[in-house]
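Colleague: Sequence:
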Amino acid sequence: MNYQLELLTYLNKIYDKKIEDVLIKEDIDKLENLNLNEIKSLIKSKEIFLGSDLNKFIINLIPKEFDGYLLREAISKAHNINYPMLYNENGEPLKNYTHNNFATILWQDFTNEAFINDLYNKFNKEDFNTYIDENLDKIYNHIINKVKIFKSENSIVIPYIKNNLVNTFKEMLIKKELPFSYALSVVDMEALRDYMTKFAISLDYYDEFDKLEDDMEECLNNFFKYDEENLLNFLVNNENFVLIDNNKLVKSI
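Heads up, the sequence shown is in this note's numbering, so the first residue is 1 and it goes up one at a time.
Careful, some of the hints might be misleading.
Derived DSBU-like pairs: lysine-lysine, alpha-carbon spacing no greater than 30 Å straight-line [unchecked claim]:
id : residue 1 : residue 2
1  : LYS25     : LYS198
2  : LYS122    : LYS46
3  : LYS248    : LYS40
4  : LYS146    : LYS13
5  : LYS17     : LYS44
6  : LYS44     : LYS64
7  : LYS56     : LYS125
8  : LYS13     : LYS77
9  : LYS56     : LYS248
10 : LYS56     : LYS146
Hints in this document: simulated from the structure, not taken from any laboratory.
All chains, please: the whole structure from these sequences, using the hints.
Modeller: The following block contains the structure:
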């Protein structure tokens, strides 16, 4: 195994991850309106560096079993350290080997750290930009699909039409397209509790939270706390939604 070539292969995987990280922070609609050269310029305009937040990602790149052993063996040779014999030449685990489990764990920890450091030392912004210029056209569709999946699974999107936000928000709560916790924030729970008390409902057995869960639409229509402007302010300032292109509110989760 040529360790320097392996490092370049894994460095490219890190470049793919950094490209993905940049695109995740951008609005999908905006990206779909850009051509490939504009997207290249967008990515290259960002500050890119490798930090400890990538350590786990890098370690997870190391293959398991025999393939991983071969890479760790190459790391060990590059750093002039001994390594345990855990497999025979056919890739079969040895039943008896000279290193004990503790020594093997220490060796794995060392190779993890050495691998991370070697990749950090190889990284530079100029090479990253060259990688984008030479490869983005081949990998963009794959990466943008991953970004779309990530955003759909890790963000909340509320369509925004001026003077219709309250209705949209209520409909999404009723259809359970928003977390129940948002209903607790926009419904006047004290007023709902007082209303139930007037009807002599025993709150020990059935309280305002049960009522909200069972009769969401009724509670939203009768005890909603916000008008259009205040609901928008609440979502942006209290719930960290961002108004994008004046047509949707987006929050990463």
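Colleague: Hint by hint, note whether the structure agrees.
Modeller: The hints, checked one at a time:
1. LYS25 to LYS198: Measuring from Cα to Cα gives roughly 50 Å; hence the hint is violated.
2. LYS122 to LYS46: With Cα atoms ~19 Å apart, LYS122 and LYS46 stay inside 30 Å; holds.
3. LYS248 to LYS40: With Cα atoms ~26 Å apart, LYS248 and LYS40 stay inside 30 Å; holds.
4. LYS146 to LYS13: holds, 14 Å
5. LYS17 to LYS44: It holds: about 14 Å lies between the C-alpha atoms, which stays within 30 Å.
6. LYS44 to LYS64: Violated: LYS44 and LYS64 sit about 33 Å apart, past 30 Å.
7. LYS56 to LYS125: OK: LYS56 and LYS125 at ~21 Å, within 30 Å.
8. LYS13 to LYS77: holds, 23 Å
9. LYS56 to LYS248: Judged against 30 Å, a Cα distance of about 34 Å means the pair is violated.
10. LYS56 to LYS146: holds, 19 Å
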